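Q: Residues per chain are reported as follows:
Number of protein chains: 2
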Amino acid sequence: MNLRDFNWSPEEKKIAKVTFDKAYQKEMKEIKNELLKRLENLADLQNIWSIHNYLTEKRKEVDKKYDYRYSVLILVFVRLLSEGYIEEKDLEGFSEDKLEAIRVLSGKSA
Amino acid sequence: MNLRDFNWSPEEKKIAKVTFDKAYQKEMKEIKNELLKRLENLADLQNIWSIHNYLTEKRKEVDKKYDYRYSVLILVFVRLLSEGYIEEKDLEGFSEDKLEAIRVLSGKSA
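These protein sequences, in sequence, are chains A and B. Take 1 as the starting number for the first sequence in this note's numbering and just add one per residue. Take 1 as the starting number for the second sequence in this note's numbering and just add one per residue.
Chain A on its own, in the form it takes in the complex:
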């Protein structure tokens, strides 16, 4: 089955949105904490520009990663799972074929 062909029920869309938003908030919180840590440990003021470089990279990465099109959403969740921003239980309520696809792509299939 092609990943683009999945049908998303209204219930699944709700779960997907909540899980997606939770991961986004978690990652943004991490970025905020990393910024604070880097600022607090700043030995040389000149290094503010390396903080800027860090933020530029993160912005590109987050913009690319958090893509809410249903055609790619399974792949987004696979990545978020592998990076620890969501857990399998966050996806409870998805149809079995979606969960199986996510497991296979995560290398977690039996």
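Bear in mind the hints are in silico, worked out from the structure with no lab data behind them. If you're wondering where the values come from, they're calculated on a predicted model, not measured in any experiment. Please note that a few of the clues may not be correct.
For chains that are exact copies, the list does not tell them apart, and a pair is met inside one copy or across any two.
[Unchecked claim] Straight line, CA to CA, 16 Å or less: simulated EDC-like cross-link-like pairs of lysine to aspartate or glutamate:
#1 Lys58 / Glu27
#2 Lys29 / Asp44
#3 Lys17 / Glu34
#4 Lys108 / Glu61
#5 Lys22 / Glu96
#6 Lys32 / Asp44
#7 Lys58 / Glu87
#8 Lys22 / Asp44
Since chain A is already given, all that's left is putting chain B on it; use the hints.
A: Relative to chain A, chain B alone:
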């Protein structure tokens, strides 16, 4: 007299360097404090990207402003004076023609 034609004595170069660096440190410290303030007052994590925008703007501004070529240094000091990053007493030891040029360009001439 053209601003580019000024001669800089070794003593004046020392004063210029110390004053320039002091202003740079002061401005970078301000940016650091502004970053901390914005991070601490962050209501919505999404606004991290407006902090990134702020930093991008400041980086461009600072890179352009802190230009240590002797041909433009008088103009740099005029700007730093007007923005409050240096004071007239920081320039004590400069030749009278340089001080006069700075005063005229700052609109502080009698």
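Q: Each hint needs a verdict: does it hold in this structure or not?
A: Hints, one by one, checked against the model:
| no. | hint | in the structure |
| --- | --- | --- |
| 1 | Lys58 / Glu27 | within (10 Å within a copy, 25 Å between copies) |
| 2 | Lys29 / Asp44 | between (25 Å within a copy, 10 Å between copies) |
| 3 | Lys17 / Glu34 | neither (26 Å within a copy, 34 Å between copies) |
| 4 | Lys108 / Glu61 | neither (25 Å within a copy, 50 Å between copies) |
| 5 | Lys22 / Glu96 | neither (22 Å within a copy, 64 Å between copies) |
| 6 | Lys32 / Asp44 | between (20 Å within a copy, 11 Å between copies) |
| 7 | Lys58 / Glu87 | neither (22 Å within a copy, 39 Å between copies) |
| 8 | Lys22 / Asp44 | between (35 Å within a copy, 14 Å between copies) |
In summary, the numbered hints that this structure violates are 3, 4, 5, 7.
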